[in-house]
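So the sequence shown is residues -24 to -1, 1 to 364, counted in mature numbering (1 follows the signal peptide of the UniProt record, and there is no 0).
Don't take every hint at face value.
[Stated by the list, open to error] In silico lysine to aspartate or glutamate, DMTMM-like type, Cα no more than 20 Å apart, as pairs:
#1 K56 / E81
#2 K68 / E3
#3 K194 / E288
#4 K216 / D259
#5 K158 / E277
#6 K216 / E126
#7 K243 / D259
#8 K97 / E251
#9 K32 / D82
#10 K79 / D23
Everything labelled a hint here was simulated from the structure, so no lab data went into it.
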Amino acid sequence: MSGFNFSLFLTFVFVICSTVQVKAETEIFCIFMQRCILPCSFQGSSDVFIHWFQTKTESLRVHLYYNNMDQLGLQNQNFKNRTSLFQDQLSKGNASLLLTGVKVEDQNIYRCYCSTISGNKETFLQLIVDAPVSDIRIHQDGNRITCSSEGIYPQPELTWSTEPPSNTTLQNRTTVHQTEEKLYDISSSLTGPDGSDRIYSCTIRTRRNQRRAILRQKSVIVSSRQTSLSCSASNGSASKLLWRFNHSQVIVSRSSQSRATVTEEWKLHVKSVSESGGLSLQDLSPQQGGIYICELSNEEETLVTSTFLKVEDRGGTKRHPGVSMVVVAAAAVILCVVLIRRSRNQKGQNTFLIDSKLNFFNQLCIMIFMTQIFLYLTGLQLYEEATR
């Protein structure tokens, strides 16, 4: 075609496609910021004219191909560097469009116009954009429980429930905010929970999917130096595990593809992490008392267990038995030395009697020394058992 005739032809196509009301033949669901393929086919030919455009108030040029190459000089800026054809499939009649970095604004009806020597073909597609609920958070601050999620499309719905069911209507306040990217952030709060043993469930749903967050609250009081904290059991296998202390300090984390990783400041206190997510703690003191939060997540739900741990101080600092034993042993040694020296300094006694006394005092000192060793080891064992 000459440049003049082709311009007339392109103008004719745009006028016809802009004035005719069409209905999409197929719905194509695409995920926000991911790649998406819009299918289109024609009867294979070596010489094909392909024009993809979007129907709004005016038709927007999405992608143009002719003379065996892409012609993107007139492409709408919204699609710049985001579209491509499968060049190696064109000879087989594949005119599908690959769209990358899908945006909410891309949601519309698309037309694929193909022209060859054997004829023309139009395909109409409805592109529908979804940004699924990917992450949901639930936490308690005082008497307020908050559930939230961000980056969702279309506008989600949020509902609360409790187990066992609440005797009164749950009073909640829900706010929805739309971002510059046309995505929705949602947050809802319950005030005045009526029982620490109650389980709170928050569900956020869209047409694409739904996720649920469950909050369980427990209190644990321990007087020993070690304890174990459990995590809520999931209906399916959990892909992520996270333990936090007082909401912000990370204790341990684990993904489905890795082993549990303990942060440096908690390596002294974390004894082990079970397959189910349970946390075994050791060397505890009142300073480790606080709120321990476990989060178990999979593709459908996030289970949060909030445990208030109180480590009781058993009264004063326990003295290591070695201190007392050393004092007693030192006193015994001094006593033995004094007795032996007094025996040697005594005059007027025969040598046999002096030697007998010395042997007696030597044996006495040995017995005292062995007794001290036995008492030290016994006391050390009892001390370790008492401080576990």
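Here is how each hint holds up against the structure:
no.: 1; hint: K56 / E81; verdict: holds (14 Å)
no.: 2; hint: K68 / E3; verdict: violated (24 Å)
no.: 3; hint: K194 / E288; verdict: holds (17 Å)
no.: 4; hint: K216 / D259; verdict: violated (27 Å)
no.: 5; hint: K158 / E277; verdict: violated (25 Å)
no.: 6; hint: K216 / E126; verdict: holds (19 Å)
no.: 7; hint: K243 / D259; verdict: holds (11 Å)
no.: 8; hint: K97 / E251; verdict: violated (58 Å)
no.: 9; hint: K32 / D82; verdict: holds (11 Å)
no.: 10; hint: K79 / D23; verdict: violated (32 Å)
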